[in-house]
Amino acid sequence: MIPAAFEYAAPDSIDEAIALLERNDDAKLLAGGHSLLPLMKLRLAAPSLLVDLRRVSGLDGIEEANGEIRIGGMVTHAAIERSDLLVRRAPLLPAVAATIGDVQVRNRGTIGGSLAHADPAADLPAAVLALDAQLVARGAAGERVVSAADFFVDLLTTALDPGEVLTEVRVPVPGMGSGSAYAKFPNPASHYAIVGVAARVDMQDGRVREARVAVTGATATAYLSAAAAARLQGSSGDAAAIAEAAGLAAEGREMLEDLSASAAYRAHLVAVQARRALAEAVAAAG
Amino acid sequence: MTTQERPPKLIGEPIKRREDPRLITGQGSYVDDLQPLGTLHLVIVRSPYAHARVTGIDVSAARNAPGVVAVLTPEDVQQSTEPVPVAAQLEGMHMPLRHALTGGEVKFVGEPVVAIVAEDRYLAADAAELVEVEYEELPAVIDPEQALEGGPLVHDELGTNLCVVSPIGDAEAAARAIEGAEVVIKQRLMNQRLIPNPIEPRAVLAHYEPGPGTLTVWSSTQIPHLLKTLLSACARVPEQLVRVVAPDVGGGFGCKLNVYPEEILAALASRRLERPVKFVETRQENYVATIHGRDLIGHLELGAKRDGTLVGYRIKVIADIGAYQHLLTAAIPTLTALMLQGVYKIPALAGEIVEVFTNKTPTDAYRGAGRPEATYYLERGMDLLAAELGMDPVELRRKNFIGAGEFPFDTQTGLVYDSGDYDAALDKALAIVGYDDFRSEQARLREAGRYLGVGFSTYVEICGVGPSSALPAGGWEAGTVRVERTGKVTVLTGVSPHGQGEETSFAQIAAERLGVGIEDVTVIHGDTAQVSAGIGTFGSRSLAVGGTALVMSLDKIEAKAKRFAAHAMEVQADDLEFEAGQVFVKDAPEKTISLPEIATLAYNAVDLPPDTEPGLEATSYYEPGNFTFPFGTHVAVVEVDTDSGAIDLQRFISVDDCGNIINPLIVEGQIHGGLAQGIAQALYEEAVYDANGQLLSGSLMDYAVPRADQLPSFELATTVTPTGVNPLGAKGVGEAGTIGSTPAIVNAVVDALAPLGVQHIEMMLRPERVLDAIQAAKGGAR
Amino acid sequence: MQLIGSRTMPYARERVWAALQDPAMLRKTLPGCEELTPSGEDSFDAKVTIGVAAIKGRYKGKVRLFDLEPPRKLRMAVEGGGGPGRMRGEGTVELESVAEGTKLVYDGEAATFGPIARVGQRLLRSAANKLLGEFLSRLEQELGREGESERAS
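Which chain is which? The protein sequence lines are A, B and C, in order.
Just so we're aligned, residue 1 is where the first sequence starts under the numbering used here, counting upward by one.
Just so we're aligned, residue 287 is where the second sequence starts under the numbering used here, counting upward by one.
Just so we're aligned, residue 1069 is where the third sequence starts under the numbering used here, counting upward by one.
Keep in mind the hints are simulated off the structure, nothing from the lab.
Mixed in with the good hints, there may be bad ones.
What the hints assert, rightly or not - Result set (DSS-like, lysine-lysine): computed pairs, CA atoms no more than 27 Å apart in a straight line: (1) K41/A <-> K1128/C; (2) K1096/C <-> K1124/C; (3) K472/B <-> K685/B; (4) K1124/C <-> K41/A; (5) K41/A <-> K1198/C.
The shape of chain A in the complex, shown without the other chains (with noise of 0.2 Å):
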């Protein structure tokens, strides 16, 4: 539970961190620390450098702009769960925060800490991947915009070079006939998801026009299920068409399988909490 030696550094300009970030290929960056720091007490990793990102302005808004909510990659979970615009108008990510760990990692742990560093088993990449948010990464090379769907890539591995930061994440702001709902099945221990299903369905006469269906917590990645959006779209959003969809949302997946679920577990829960989500984001939605 003692890390080992690192220097330290707290830039006050985006730039200057990714100078850091590109001198030193052993560096790391700190937002929020509540994934790396355990890590690093348990000196499962060792970086020469910590980053800090503290001192950086410009990375803690949520503004509307265009459609789109703009949320800087160090908004807390704790704003991002107490922020009215998006409560009123991107209800999801609010309700997903408010899921994560407890009080205390929320009031430090960040958006962008959260989804550069991509656990497994975290819940904001659910949320991202059923609102199709736009992630911007900023690196020596400049500014880049990936989709949420191109950016959980493999284990803990995204679409960000070594060197770039997670400055912001853009959400389109759903329109009338959308509702979403967050299932949450969560590890006892460490509030983990041991399954985690983000739905949001978009109505429009009746009919699921578009749904969206990420999962978290069961694979290597969180991903969406095409094939359980592809078996809504079109119903009415109806118990039956709910549960034939939640039934295909573990297909083609390889589970992960540890001390809180066996695979087979797990591939059951993402259909549990699949049907929950989906009943629940069709509601809303109506």
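Fit chains B and C to the supplied structure of chain A, relying on the hints for placement.
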């Protein structure tokens, strides 16, 4: 002069604990808060293997690392210290010797191999990574039942994995009764291994001062006096030169009722280096190097007549005690044996406790220490029997209760239960839960596809530990009361509370008796230099045993005060009353003298009564004549989600009888904590090992110590059936909550799922296990 | 934990077999490998800094190849230790000639000891599979580069 206005009654009052303000405002003083000048830090290199031969140790890089002052290796430590002490020695027991560092063969993950002492904790941790130990992996013994049948040995020199077998009861009578019974329940019941998880992991600071040759040890311990004696032997410092202090201790739950290698190593290092040496355990180390609890498999047979009358009970218990005995390891499963009978009349009873070595962390006392296991087996057995007979589980229990008029009651295990009224506790619990309405509500919800269940546990437990004949180092307790010259009162007690609240409850007792304000009484504990004798805090003994020593000393103070008063007022002592700090003549109460006035007389000693020494202080040693036996009824109400197997604990009712209550707030607090840990065993906590002896549930990320939001608001009530064992009439309550609660939960879950054909589910009740049980009962695949 | 996987590479079986015996090739392709020196017949000492994302550790270990049945099958044993703990693994590697080239199939068991086993449990299998996948993809890449340089020369 009239009798003065009576000071407020204190005993029985819900007085807020005086310990709390300092503890919740960061003004407590724990071992790691102590930073004497020049303190060095001790870090341990531990075995990553459950079983391996150490074929080489290279500390050269570590020795030369920055800040390193000393490196201790096994050979050195084996020559310079005595083995880690084992107090519980049972007849016929196999006992491997073990020193503070292990050279030849390591036997469990976390076993200490090398110790580094450095200028600061960080440099010590860095240096520890430079130590190179070569291991030759050996097969790990993990399953205790397999370990008995053959295969690799944990300790080659013993020729067996068996530690000891302890029979109890009458095997022949039990066999006949079971064989002749109209109904017999047979069940294997796992009472799984738990990790105590005190909020403060272990810590020790040893300071050897070469000038006076004294060794002072601050340790997060439950037993400062015993530690003093044992550490003096291990570290080879004469006992009269050793002082042990237990400062504020952040929870013990039994895991700090022990002597650990790190305490011996800190003492050795300090002695050698002549500087203070501190060891602070990390949570990771706590998980593997601090003792574990429970881990008993019970093979139970319960026999009854068709009408539900119990005729016989037989059980074989396999105890997985881990790789070594610690201080009381072998004794804990024998406490299970003692309490097999529970609250029932059982005409024939027998148990066989088989203790087995495996390559896991050693087990020892953990809240309840053997009694939760006994209660679990019996209370699950009763529900299984009720289901088999088609009988209401409440009626089955009541039918077999030891009646209120039958106390003191001789058990089949050689105990004498002091007092009890099991029906009263049960009735109270039934009223609170609303049992009559519950069953109809349950039926109504079942029609709607919802599975609600209720589970009972009627328990009795053994505490107030205890008669010295039953304890390896004595079970007495010592207490001193000193009335100071100014009339203030100092209480010195040999118990070592670390959450039990005796700074408050003892002050209540002394203050009321001596008529001083509670703020004028100070209770001192945990320092062998201030408190000359004691045994410690464990086994729910501090109030029952320590409190009685206090009462005995108060009696002596009263007697001496009367002698001084009699002499001063020129009357006979027998003509005097002592009440609330005033001594007055029975027939002429206006003739009175106060305690402070008596103190002045006693200390100035100008005119001593005959055969009376100066001073107003008394010390007593109380040897308990018996254990005490708290009891109660716990009821759990659960709803099970049959889609996921998740359990919602909706209500938990706890009716407990700990005899006379000195402070109801403290009793509630102890019950709350006990319930949390007992419920946790059913629903949240389980130490999981893999086939290589690696602890997989190795941190709070995977081992779920429940938080407040994972438990319901408890519904508590008490009955009061005083004990005749001690003058306080108090039994002790520290472990009762843990002992009674676990089976109530499991019984409730099985009750909820009974209509689906589920008869039993092993703990812990993780949702997957519950779902598997439902599926298995349905006979289908998921 | 059991680790099973495969990869098909567009190279002849003999080349893939040779690569698995070649310390220079292994040093380039084992993820995080800093040093790989032969220490005997078909065995090597290795130093690797291995991990996934931030979770990285420095390990010293041995790789041993045995039960060689060229060019189709061999057994490989790996063991190593470092700060976060120790590991050992053993498995079979089979090479099958297929139309597209060579199909490499691995099937083995791995175990971890010490701190990594205590806290890494939920991620270990995924991490191990990821690293094995990385190894195989690098192997394919290096075989490709080797082929190019051969063609070039």
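Consistency of the hints with the structure:
1. K41/A <-> K1128/C: holds (21 Å)
2. K1096/C <-> K1124/C: This hinted pair holds, its Cα atoms lying about 18 Å apart.
3. K472/B <-> K685/B: holds (21 Å)
4. K1124/C <-> K41/A: holds (13 Å)
5. K41/A <-> K1198/C: holds (24 Å)
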